[in-house]
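Engineer: Here's the letter readout for the chains.
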Amino acid sequence: MDYSKEIRDIAAKLFADGKIDVFVGYRMNGFDDNQVPVVITDPKEVSTLVFTEKSVFNLTNYLKTDHTRGKRVGLIVKGCDSRSLNLLLTESQVKRDRLYIIGIACEGVVDDKGVKMQNCTECIVPDAVVFDEMLGSPRGKKDYIVNADIRALAEKGLVERREYFEEIFENCIRCNACRHSCPLCYCAKCCIDQETASLYNGSNTASSAFHALMTWSLHLAGRCVDCRNCEKACPSHLPLHLLHKQNEKVIFENFQNHLAGVEEGERGAFYKYSLKDPDDFIM
Amino acid sequence: MEAEVKDKIVSIEKPEIIAPPDWKPVIVGILCNWCSYAGSDLTGTSRMQYPPNIRIIRVPCSSRVDPWFIIKALQTTADGVLISGCHPGDCHYISGNYYARRRFLVTKELLKMVGFHEHRVQFSWVSAAEGAKFAQVVKKVTDDVVKLGPLHLYKKENFNK
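Protein sequences appear in the order of chains G and H. Sequential numbering of the first sequence, starting at 16, is according to the numbering used here. Sequential numbering of the second sequence, starting at 8, is according to the numbering used here.
Where hints are given, some of them may not hold.
[As the list claims (entries may be wrong)] Derived BS3-like pairs (lysine-lysine); straight-line CA-CA distance at most 30 Å:
1. LYS264(G) x LYS31(H)
2. LYS79(G) x LYS79(H)
3. LYS110(G) x LYS156(G)
4. LYS31(H) x LYS291(G)
5. LYS140(H) x LYS171(G)
[Claimed, not checked] Derived Cβ-Cβ restraints for the label pairs, each shown as a range:
6. PRO254(G) x LYS146(H): 16 to 22 Å
7. SER152(G) x VAL17(H): 58 to 64 Å
8. ILE63(H) x LYS204(G): 34 to 40 Å
9. TYR286(G) x PRO59(H): 35 to 41 Å
10. HIS159(H) x ILE165(G): 23 to 29 Å
11. ILE64(H) x GLN108(G): 54 to 60 Å
12. LYS146(H) x VAL130(G): 52 to 58 Å
13. ILE101(H) x ASP158(G): 46 to 52 Å
14. SER102(H) x MET149(G): 34 to 40 Å
15. HIS195(G) x ILE101(H): 45 to 51 Å
16. GLU281(G) x ILE101(H): 18 to 24 Å
Derived by calculation from the structure, the hints in this document are not laboratory data. No residue lacks a Cβ here, since even glycine has one placed at the ideal position from N, Cα and C.
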């Protein structure tokens, strides 16, 4: 999967036609073979753009920054990225007519060690769902599989799970990188930060991490698209996907196979309801 | 009527924690204004008894309950949380409790995975006419939480332990 040449050509053409002001893509980071996101405003820099299986980041996160706000943007999206873009469009966070979207029929990306990422092996929607132009040959939707880690955790006992998650919360340093890297966390003021005024939150204790991560994941439930930007950003390498995948599993199994951002114009799972939703856990 | 603690009670999530002899569970009850709060009022005016371990918070509708409230209650003081609203179809705001129901299921399942016993957070539908049911529900939740023991996870007073 190497579309570097095609993307350079498209970006150069878009700049020449005056269709876009900025282009959001990937470039080499300059010291090893990993890539970093780049926001290009100068058409001369187009030659630095690359796209290979090392292009891991979800670029729709840059739609909420000042680099792109109010401008016409060219953007590369993979399957998962396009789902988050779909949600941002539905939630009126970006305007479709300001975007030129290059969709990728993604074959999966690899992490730093060259191993295929777990979310790519379990990917449901590999092709971009919103795009102006598609690169690669689409392969269609796949069946939903329950995450392997969630299945393993479900077999453990209560105390064991508590110990496992207590360690995760203890290792969190509350840098909020997960929140800032999440394309769907666009609130100007996060509710978690309201707690920083009090003494016990905001510092890096298990208590405050429990509060922050659980609230964060529940506010993303039914919207998380499993792009794993949060995990890539986490300096403590916490398995943050566990929280999201658990929510995704419960929502998929109970709420009419809902998957975030797959259908155009469909909002998150908590924005609608069905009379047949499970009720047996309520007294 | 207050839940009595006779034997040695061990926290179910953290067996090394033993409840002090004077331990009484703290239960946070978040009740919808139109049904459950009126229901609890009826319990009082009908002179029915229920455990005083519950601390009631009134909200406009059960869909006002952000999962965040549950997390915050468990993180700070509560040993258990009870959330109660109108029966499906009876919501004062027509569909609020249908939206709430979805969130409750996801919250409950997530807390279960993270290592909370499923009886820590409970939900009920109580209408304004069901004073007896409210007393029953509070009794059940209190009894359940007494069995589970104190919740010692992520509490603010646990910092240096």
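Engineer: A separate judgement is required for each hint: does it hold in the structure or not?
Structural biologist: Consistency of the hints with the structure:
In summary, the hint linking LYS264(G) to LYS31(H) is not supported, as the alpha carbons are separated by about 36 Å, beyond the 30 Å threshold. For the given pair, LYS79(G) sits about 28 Å from LYS79(H) by alpha-carbon distance, which is consistent with the 30 Å threshold. This hinted pair checks out: LYS110(G) and LYS156(G) have alpha carbons roughly 26 Å apart, not beyond 30 Å. In summary, the hint linking LYS31(H) to LYS291(G) is not supported, as the alpha carbons are separated by about 38 Å, beyond the 30 Å threshold.
Distance hint between LYS140(H) and LYS171(G) is unfulfilled; the C-alpha atoms sit about 35 Å from each other, more than 30 Å. PRO254(G) and LYS146(H) have their C-beta atoms about 39 Å apart, which leaves the hinted 16 to 22 Å range violated. The hinted window of 58 to 64 Å between SER152(G) and VAL17(H) holds, with their beta carbons roughly 59 Å apart. Evaluation of the 34 to 40 Å hint for ILE63(H) and LYS204(G) yields a failure: the beta carbon distance comes to about 29 Å.
Take TYR286(G) and PRO59(H): their Cβ atoms lie about 38 Å apart, and the range 35 to 41 Å holds. Under the hint 23 to 29 Å, the C-beta atoms of HIS159(H) and ILE165(G), about 26 Å apart, fit the expected range. In this structure the supplied range 54 to 60 Å is violated for ILE64(H) paired with GLN108(G), their Cβ-Cβ distance being about 32 Å. Take LYS146(H) and VAL130(G): their Cβ atoms lie about 54 Å apart, and the range 52 to 58 Å holds.
A hinted range of 46 to 52 Å for the beta carbons of ILE101(H) and ASP158(G) is inconsistent with their spacing of about 36 Å. The beta-carbon spacing between SER102(H) and MET149(G), approximately 39 Å, falls within the hinted interval of 34 to 40 Å. Between HIS195(G) and ILE101(H), the C-beta spacing of about 37 Å breaks the proposed range 45 to 51 Å. At about 22 Å, the beta-carbon gap between GLU281(G) and ILE101(H) stays in the expected band of 18 to 24 Å.
Checked against the numbered hints above, the structure violates hints 1, 4, 5, 6, 8, 11, 13 and 15; every other hint is satisfied.
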